[in-house]
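Number of protein chains: 2
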Amino acid sequence: MQIVNLSIFLPQLLVPIHPLLATATKAENAPIVLTAVLLSLVVIYIASKIGGELSKKFDLPPVLGELVGGVVVGASALHLLVFPESGANASDSVLMTILQMIDNLSPEAVQSIFESQSEAISILAELGVIVLLFEIGLESDLRELQKVGYQAAIVACVGVVVPFVAGTVGLMYLFHLSAIPAIFAGAALTATSIGITSKVLSEIGQLKSREGQIIVGAAVIDDVLGIIVLAVVASLAKTGEVDIFNVIYLIVSATVFLLGSILLGKFFNNSFVAIADKLQTRGKLIIPAFIFAFFMGFLGNAIHLEAILGAFAAGLVLDETDKRKELDQQVIPIADILVPIFFVTVGARVDLGVLNPAIPENRQGLIIAAFLIVVAIIGKVVTGWAVFNQPGINRWAIGVGMIPRGEVGLVFLGIGAASGTLDKPLQAAIIIMVILTTFLAPPFLRLVFKQPVEVEEVVEVKQPADVAG
Amino acid sequence: MQIVNLSIFLPQLLVPIHPLLATATKAENAPIVLTAVLLSLVVIYIASKIGGELSKKFDLPPVLGELVGGVVVGASALHLLVFPESGANASDSVLMTILQMIDNLSPEAVQSIFESQSEAISILAELGVIVLLFEIGLESDLRELQKVGYQAAIVACVGVVVPFVAGTVGLMYLFHLSAIPAIFAGAALTATSIGITSKVLSEIGQLKSREGQIIVGAAVIDDVLGIIVLAVVASLAKTGEVDIFNVIYLIVSATVFLLGSILLGKFFNNSFVAIADKLQTRGKLIIPAFIFAFFMGFLGNAIHLEAILGAFAAGLVLDETDKRKELDQQVIPIADILVPIFFVTVGARVDLGVLNPAIPENRQGLIIAAFLIVVAIIGKVVTGWAVFNQPGINRWAIGVGMIPRGEVGLVFLGIGAASGTLDKPLQAAIIIMVILTTFLAPPFLRLVFKQPVEVEEVVEVKQPADVAG
Chain H
77 MQIVNLSIFL PQLLVPIHPL LATATKAENA PIVLTAVLLS LVVIYIASKI
127 GGELSKKFDL PPVLGELVGG VVVGASALHL LVFPESGANA SDSVLMTILQ
177 MIDNLSPEAV QSIFESQSEA ISILAELGVI VLLFEIGLES DLRELQKVGY
227 QAAIVACVGV VVPFVAGTVG LMYLFHLSAI PAIFAGAALT ATSIGITSKV
277 LSEIGQLKSR EGQIIVGAAV IDDVLGIIVL AVVASLAKTG EVDIFNVIYL
327 IVSATVFLLG SILLGKFFNN SFVAIADKLQ TRGKLIIPAF IFAFFMGFLG
377 NAIHLEAILG AFAAGLVLDE TDKRKELDQQ VIPIADILVP IFFVTVGARV
427 DLGVLNPAIP ENRQGLIIAA FLIVVAIIGK VVTGWAVFNQ PGINRWAIGV
477 GMIPRGEVGL VFLGIGAASG TLDKPLQAAI IIMVILTTFL APPFLRLVFK
527 QPVEVEEVVE VKQPADVAG
Chain B
77 MQIVNLSIFL PQLLVPIHPL LATATKAENA PIVLTAVLLS LVVIYIASKI
127 GGELSKKFDL PPVLGELVGG VVVGASALHL LVFPESGANA SDSVLMTILQ
177 MIDNLSPEAV QSIFESQSEA ISILAELGVI VLLFEIGLES DLRELQKVGY
227 QAAIVACVGV VVPFVAGTVG LMYLFHLSAI PAIFAGAALT ATSIGITSKV
277 LSEIGQLKSR EGQIIVGAAV IDDVLGIIVL AVVASLAKTG EVDIFNVIYL
327 IVSATVFLLG SILLGKFFNN SFVAIADKLQ TRGKLIIPAF IFAFFMGFLG
377 NAIHLEAILG AFAAGLVLDE TDKRKELDQQ VIPIADILVP IFFVTVGARV
427 DLGVLNPAIP ENRQGLIIAA FLIVVAIIGK VVTGWAVFNQ PGINRWAIGV
477 GMIPRGEVGL VFLGIGAASG TLDKPLQAAI IIMVILTTFL APPFLRLVFK
527 QPVEVEEVVE VKQPADVAG
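Chains as they are written, first to last, in the numbering used here: chain H, 77 to 545; chain B, 77 to 545.
Here chain H stands alone, though its shape is the one from the complex (with noise of 0.2 Å):
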């Protein structure tokens, strides 16, 4: 406190000056910046909560939950999390108001707490979705990958192109958006979630059928070639202009880091099981496996990629190994707590505000969300006609499958929203897209399998108090 009121006799000039004097403050808020922390992860933790067991209650994917828990305490309404990267400052964050009236602090140490604590969160987020990806990496078998087969890599190939290229040109030429953003939006658009279409499947019984096998490798091939796309996208958005060498250099080093390392890896597996089998102390596969997530994580950054592909490498590659089952169960509780973190934090980061379509210029950002909605639908759907040798194939179950997006659409949400690439209103068409996706696939797909009547039954007949609810 002493020093921070020293500041106001001092010249605003040699605030900046001495780093010593900024320092200090800093040190002195640090206890401030941990309660802010922790207040912050009891928000996002209930708010991931109470949204993921709704979902769940609306037989929705709990990820779902977590989004639009993150739009509630976010900067569409509560304003308990939100982020300055967006332009907010503190007096805008309710959760900094109740630290400011628990500490009894002056305005320029609430807004440097503020932006501290933002950045730990951001930080934490990035962390989760790096375990994430490390997860998904280790959940990703690639032998069954190969068994699919052409099929699934024909149906993915053209789900990633035609979402991306209807996208990119039609934001472009249509909405008159630069290309950067235009290109990021359209990447937001390619990769089906897993997760969630394998879940629908399962739950109408049709997973091991034709069909459901041809969604299931596509969704985890268009997933890889979504985080290339990805990686390719964020290092053009940080130099900030589209350079056709530069494309074919990132396209071709994100493919040869991926290819690499799981080559790579298959020596790598052997040491990384010798070594872990000699640790005694605590730790002994869960902090080798990190220091190697972490340290492809780092790789994959430092060579102008995303740190997300290195940590999914490096997932891929320890799925190989005989530690993989013990490994997925200690990985379990660290997501457990750390994704939670990025998922709340992408929703909270997003002002629905800005397509209200009550004020005339939300206009532009609702005829955006529309298009890009139609687009991510259309662009899947069409999937289904990529399959060729297999008469009698369901096409249109193929591609209502392969509609849902979720976790690495996010992810594109989160890094353009964080680098700044992508401006509001496009934030919150990609998470209506996000959002509308989920929801309508269920019901779609049900519908195209031509079972819609007895499954309803079935689930009502199961959970009664969803009748009720």
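Calculated from the structure, these hints are not laboratory results.
Some clues are possibly wrong.
Note that identical chains are pooled: a pair holds if it fits in a single copy or bridges any two copies.
[Stated by the list, open to error] Straight line, CA to CA, 25 Å or less: simulated DSS-like cross-link-like pairs of lysine-lysine:
id, residue 1, residue 2
1, 401, 133
2, 500, 314
3, 314, 133
4, 401, 360
5, 284, 401
6, 360, 133
7, 132, 284
8, 401, 342
9, 132, 360
10, 354, 133
11, 401, 314
12, 133, 399
13, 342, 526
14, 354, 132
With the hints as your guide, set chain B onto chain H.
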């Protein structure tokens, strides 16, 4: 990059006035901050694992190795991990120099990334110590404590009061330190390490002896006392003055907070179990537990005590539920990845160079270190003579058994260093005190239990590799 360069053309004055400019730079640096955090975590994990495993090999507690690993990578030796609070700049950090080469950054950008990275690692370390205390709380059994009774309580109180008073008074009157740092350093001498003590006792087969039971009981009680003392002392350090009413208020509020939460916890227990049983989505046990722990931590901070006191109370409360074992299981991997960040950064923050005996100005610091070590040992050895009504008891064994300091002493050091209360020589003196008491206790304990030769042989026969190594 563009905006960083732009700031050169602007008068220095403008930078703090236009927060949007600063934010833009921050957003641009964000991916590099993440790269820096990932690389720091890789360094921290490697240091903790190498240190921990080497300690284990030499039959010492792993936490000591993690601490020494931190010293090696930190300000004392490799300079991979340094912190701005100690006056270090980005150019002092080897890790930042590596990043600067990879990303070709301007000196201003590197400094800003360095500060953000240090802040993120500090928050992760603080979350680590919160999880650590939550876990210690989960593992402390209140009913066991009640059994050991008065003897242990008296040993604990003597073992807290004697080193605290002797240390504080000695530092103030012999070495002319001002009150706050003297009290902080004195308080750092109070808490015996449960983990280290009980491990050594079990190795020499004395855990269930009368002496062993009193030692372990007293170690648990003085951990609790130590955490209360820490909450009080850290709060004094924040206000910067010792006011007798404030001290009384703090002691009362810390005790009431701890006892109150345990009593209220008895009611809360059932609702916690009921909630956890109702939840269906991932993290249904760990997320409610962390909401509770973090909220208690927030409360602890909000009433100007410490977050760790709240986390410890939360652990004690949840220890009483049926979910205890399941929860313990899930907290372990989370603690495994967060707690080492705390111990390694505590070691890394300390610059042992300030005790280099070759430099004459360091003599004072060295003498203080020697004084603290003597007080730390004698202050605990005398506790043996506090035992009454126990004819034939080995008083030396009890006194020596209380010597090793560990986690809680390091928590004092970490908080004192981060808040700037402890100057560099005092930090170095405390870390040497913790290391030496932990090193010395095992052989001393074997000596006073009068079975040095046999035990050594058993250990050698069990682990023949150690003799060669």
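>> Under the constraints set out in the numbered hints, which ones does this structure not fulfil?
In response: Hint check: 1, 3, 11, 13 fail, others pass.
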